[in-house]
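Novice: Here's the letter readout for the chains.
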Amino acid sequence: MSGQRTVLVLGGTSDIGFAIARRYAEQGWTVLLAARDADRAERNANDLRLRYRGEAVAVAFDALSLEFHARFLDGLGMLPDTAVCVIGVLGDQARAEADPDHAAAILRANFEGPALLLGEIARRMAARGRGTIVGVSSVAGDRGRGSNYVYGSAKAGLTAFLSGLRNRFAGQGVHVMTVKPGFVRTAMTEGMKLPGQITAEPGQVGRAVYRAAEKSRRNVIYVLPVWRLIMLIIGHIPEFLFKKLKL
Amino acid sequence: MSFAGWGNFPRRQGELETLRDPAAVRRAVLGGGPVLAHGAGRSYGDAALGAGRTLGLRGLDRFLAYDEASRDLTVEAGVMLSDVIDAVLPRGLFPPVVPGTRYVTIGGMVASNVHGKNHHVAGAFGAHVSALTLVTAQGDVVRCSRGENAQLFRATIGGMGLTGIVTDVTFRLIPVETAFIRQETLSAPDLAAAMRLLEESRNRTYSVAWIDGLGKGGLGRALVFRGEHALRADLDDDQARAPLRTGTPPRLAVPFHLPAFTLNRLSASAFNELYYRMNARREGMRVVGYLPYFFPLDGVAHWNRIYGSRGFIQHQCVIPRAGSSAALGEMLALIAREGNPSFLTVLKLLGPGDAGMIGFPMEGFTLAIDFPVSDDTLRLAAALDRIVVASGGRLYLAKDARQDRGIFDAGYGEADAFRAFRAEAGASARFRSLQSERLGL
Ligand SMILES: Cc1cc2nc3c(=O)[nH]c(=O)nc-3n(C[C@H](O)[C@H](O)[C@H](O)COP(=O)(O)OP(=O)(O)OC[C@H]3O[C@@H](n4cnc5c(N)ncnc54)[C@H](O)[C@@H]3O)c2cc1C
Numbered sequence: 001m002s003g004q005r006t007v008l009v010l011g012g013t014s015d016i017g018f019a020i021a022r023r024y025a026e027q028g029w030t031v032l033l034a035a036r037d038a039d040r041a042e043r044n045a046n047d048l049r050l051r052y053r054g055e056a057v058a059v060a061f062d063a064l065s066l067e068f069h070a071r072f073l074d075g076l077g078m079l080p081d082t083a084v085c086v087i088g089v090l091g092d093q094a095r096a097e098a099d100p101d102h103a104a105a106i107l108r109a110n111f112e113g114p115a116l117l118l119g120e121i122a123r124r125m126a127a128r129g130r131g132t133i134v135g136v137s138s139v140a141g142d143r144g145r146g147s148n149y150v151y152g153s154a155k156a157g158l159t160a161f162l163s164g165l166r167n168r169f170a171g172q173g174v175h176v177m178t179v180k181p182g183f184v185r186t187a188m189t190e191g192m193k194l195p196g197q198i199t200a201e202p203g204q205v206g207r208a209v210y211r212a213a214e215k216s217r218r219n220v221i222y223v224l225p226v227w228r229l230i231m232l233i234i235g236h237i238p239e240f241l242f243k244k245l246k247l
Numbered sequence: 001m002s003f004a005g006w007g008n009f010p011r012r013q014g015e016l017e018t019l020r021d022p023a024a025v026r027r028a029v030l031g032g033g034p035v036l037a038h039g040a041g042r043s044y045g046d047a048a049l050g051a052g053r054t055l056g057l058r059g060l061d062r063f064l065a066y067d068e069a070s071r072d073l074t075v076e077a078g079v080m081l082s083d084v085i086d087a088v089l090p091r092g093l094f095p096p097v098v099p100g101t102r103y104v105t106i107g108g109m110v111a112s113n114v115h116g117k118n119h120h121v122a123g124a125f126g127a128h129v130s131a132l133t134l135v136t137a138q139g140d141v142v143r144c145s146r147g148e149n150a151q152l153f154r155a156t157i158g159g160m161g162l163t164g165i166v167t168d169v170t171f172r173l174i175p176v177e178t179a180f181i182r183q184e185t186l187s188a189p190d191l192a193a194a195m196r197l198l199e200e201s202r203n204r205t206y207s208v209a210w211i212d213g214l215g216k217g218g219l220g221r222a223l224v225f226r227g228e229h230a231l232r233a234d235l236d237d238d239q240a241r242a243p244l245r246t247g248t249p250p251r252l253a254v255p256f257h258l259p260a261f262t263l264n265r266l267s268a269s270a271f272n273e274l275y276y277r278m279n280a281r282r283e284g285m286r287v288v289g290y291l292p293y294f295f296p297l298d299g300v301a302h303w304n305r306i307y308g309s310r311g312f313i314q315h316q317c318v319i320p321r322a323g324s325s326a327a328l329g330e331m332l333a334l335i336a337r338e339g340n341p342s343f344l345t346v347l348k349l350l351g352p353g354d355a356g357m358i359g360f361p362m363e364g365f366t367l368a369i370d371f372p373v374s375d376d377t378l379r380l381a382a383a384l385d386r387i388v389v390a391s392g393g394r395l396y397l398a399k400d401a402r403q404d405r406g407i408f409d410a411g412y413g414e415a416d417a418f419r420a421f422r423a424e425a426g427a428s429a430r431f432r433s434l435q436s437e438r439l440g441l
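Residue numbers (our numbering), protein chains in the order written: chain A, 1 to 247; chain B, 1 to 441.
Among the hints, a few may not be true.
[Said to hold, decoys possible] Taking lysine to aspartate or glutamate and the EDC-like style, the derived pairs with C-alpha atoms no more than 20 Å apart in a straight line are:
1) A/K246 <-> A/E120
2) A/K180 <-> A/E201
3) A/K193 <-> B/E15
4) A/K193 <-> B/E17
[To be verified] Sample of chain B residues facing chain A (criterion: CB under 8 Å; computed from the structure):
5) T18
6) R20
7) F63
[As the list claims (entries may be wrong)] Just a sample of chain A residues kept apart from chain B, beta carbon distances all over 12 Å, derived:
8) R43
9) F169
10) A187
11) S216
12) I237
None of these hints come from the bench; they were simulated from the model.
In this text, a Cβ means the ideal position worked out from N, Cα and C, and glycines have one as well.
Could you build the full structure based on these sequences and the hints that come with them?
Specialist: Right under this line is the structure:
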């Protein structure tokens with residue numbers, strides 16, 4: 001393992017998390033796959049080992065157990081060079097409006113859990129003087145919409161948190177990148193009608209993240225560049241008009 | 001939404017559901033109503049279109065095990081052949097049998113029992129499968145091999161997804177020294193010469209003939225390509241720098257269905273003429289990459305769109321050797337007379353059959369011809385069918401979109417045994433494709 005770089009993928013059994021893990025493994029990195037479903041994480045790690053002949057390890061982990069974050073990181077026995085967080089759930093907006101517990105779960109899984117964990121990792125990386133953090137947020141966080149404002153606001157929180165983290169630790173060798181994937185064909189979006197031209201495959205996300213984080217060290221990326229334009233337009237619709245739109 | 005096979009004919013309304021793990025396959029099978037496995041959708045016609053729900057297996061894409069000693073690789077059924085090659089070729093390994101495109105799933109290769117240019121020496125893909133796991137009509141997860149549930153194993157190889165859903169496959173890789181092929185190109189003035197050259201190539205690893213179906217020269221003017229895995233010593237300096245390089249995905253792509261008028265007898269015969277001349281000039285030995293040798297069409301993404309939105313069919317038959325020259329001659333003459341714009345006509349000699357119950361390969365010549373869909377070409381294809389069964393041959397289900405039950409039954413001796421096997425296993429109610437409905441399977 002000497003000199004080999006290590007990436008920690010939090011949410012390593014999601015389609016996007018696994019695709020990112022594959023990209024890093026292909027480039028020769030050691031991959032730590034952290035996920036709640038340990039069996040599935042192990043099957044994914046096994047795939048990485050067989051395909052790319054590198055090292056891959058599955059670790060059980062629940063981002064919502066805030067009190068275990070530090071212990072989980074201590075237990076890894078090392079601080080990874082790069083940490084990628086893909087944790088999140090879409091939830092059900094209608095249910096969230098009627099059921100505060102469901103709304104709270106969405107907020108925690110998309111904001112509280114990932115933010116506090118990445119904050120802890122950033123502090124540790126800063127102490128070491130080096131590290132890269134990739135937080136997967138969402139275009140849904142760029143502007144709240146009636147159809148998914150619970151999820152969107154949690155992602156908005158994560159986007160702001162990552163931006164703050166970037167600002168806070170820039171001088172200490174820690175690079176923080178925010179990813180806004182746009183539509184991606186995954187289990188999360190299964191059954192939805194996705195517009196083909198602006199929908200990415202998980203593999204595209206994997207390649208884009210690797211390139212942007214490890215080669216060009218970008219701050220914020222949209223996986224398909226067209227999303228920057230779309231969100232620019234959506235962001236500029238005046239509020240009095242926006243509130244009349246069914247979005 | 002609608003989807004179709006590679007030929008874009010026929011199309012089916014409905015959703016393609018993506019499954020992501022074996023447990024989801026079980027749930028889907030037990031969910032009630034007919035289902036069908038769908039791999040990469042590279043079969044041409046309606047074999048992968050469910051009569052009920054169509055279950056996409058691309059999400060089952062994990063490598064499961066590799067045994068260094070036996071070279072047995074185990075992967076989930078939705079793993080793409082291209083991913084297998086990308087992973088194993090750098091280690092000096094190659095799949096034992098590959099079809100003409102690498103964008104197929106391993107499950108689809110088992111269900112079609114695909115044959116490659118090496119069928120005459122290596123048999124079909126199924127011959128190299130040592131075991132597989134199948135989810136049956138009752139939702140049981142069954143391990144099959146030649147020793148274990150042998151009957152089910154045999155019916156599943158080439159069984160077109162009609163015995164159950166394959167969730168993983170174990171098959172044996174072959175060692176190679178390089179990613180290159182020593183290719184020999186020979187030209188044949190007519191069909192008889194092409195057939196003779198293929199016969200003479202029986203001791204070569206790979207062989208195939210490309211036929212100019214509209215030949216201005218003799219009927220069945222052909223180029224024969226023979227190949228061997230190149231050794232390190234065969235490579236030039238440039239190739240030797242990266243002897244096991246896997247290569248890069250296609251850059252060219254056909255952006256949408258081309259209008260029908262771009263493809264006609266004129267353009268097809270111009271293409272055939274050009275192709276023949278370009279390659280005839282290159283007669284003799286050359287060392288080429290494995291990508292252009294095995295997968296020449298993969299270099300252009302979505303090439304099926306050149307046939308326009310009505311789609312195209314491929315007519316692929318196999319004819320037993322005795323009587324094959326008369327039958328093939330008759331077929332080519334008929335095609336030339338009707339003047340159909342076929343860009344691609346391929347002839348190959350298959351070795352002894354190892355086909356499972358309704359698998360395709362049998363000893364003889366296999367001819368494959370592409371036709372854009374029209375009333376005329378559908379009539380022509382039916383006329384070709386009659387020549388095929390009259391000479392004891394049959395049609396390949398992975399390419400079929402239109403043969404009728406009479407033609408199928410005439411070609412497949414075990415058709416009724418397969419029906420009985422399906423009925424007894426409860427599979428005929430559970431696993432149904434548009435093709436199985438059409439053929440009464
Ligand atoms: C350009 C091109 C060249 C080709 N060249 C050749 C060739 O040289 N030789 C040859 O033999 N074939 C050839 N083919 C055909 C192709 O290899 C087969 O159709 C192959 O089986 C397609 O695999 P797929 O994953 O796309 O399967 P699909 O087309 O999705 O499915 C094909 C059949 O397999 C079944 N199936 C798929 N996955 C499973 C599963 N997991 N469990 C059970 N059943 C399953 C489906 O139900 C269906 O009946 C070629 C096709 C193309 C497009």
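Novice: Compare the structure with each hint and give your call.
Specialist: To see whether the hints hold, each was checked on the structure:
1. With a C-alpha separation of about 39 Å, the suggested pairing of A/K246 with A/E120 is violated against the 20 Å cut-off.
2. Taking the CA atoms of A/K180 and A/E201, the gap is about 14 Å. The hint holds against a cut of 20 Å.
3. Pair hint A/K193 plus B/E15 holds up; C-alpha atoms about 11 Å apart against a cutoff of 20 Å.
4. Of the supplied pair hints, the one linking A/K193 and B/E17 holds, its CA atoms being roughly 13 Å apart against a limit of 20 Å.
5. For B/T18, the suggested interface contact is upheld, since its CB lies about 6 Å from the closest CB of chain A, less than 8 Å.
6. Evaluation of the B/R20 hint against chain A yields a held restraint, the C-beta minimum of about 6 Å falling below 8 Å.
7. Residue-level restraint check for B/F63 holds (minimum Cβ-Cβ distance to chain A is 4 Å; threshold 8 Å).
8. Once the 12 Å rule is applied to beta carbons, A/R43 is inconsistent with being away from chain B; the minimum gap is 6 Å.
9. Non-interface call for A/F169 relative to chain B: holds, since the shortest CB-CB distance, roughly 36 Å, exceeds 12 Å.
10. Some Cβ of chain B comes within 12 Å of the Cβ of A/A187; the nearest lies about 6 Å off, and the non-interface call is violated.
11. No Cβ of chain B comes within 12 Å of the Cβ of A/S216; the nearest lies about 21 Å off, and the non-interface call holds.
12. Every C-beta of chain B lies more than 12 Å from that of A/I237, the closest at about 30 Å, which supports listing it as non-interface.
Hint compliance for this structure: hints 1, 8 and 10 are broken, all remaining hints hold.
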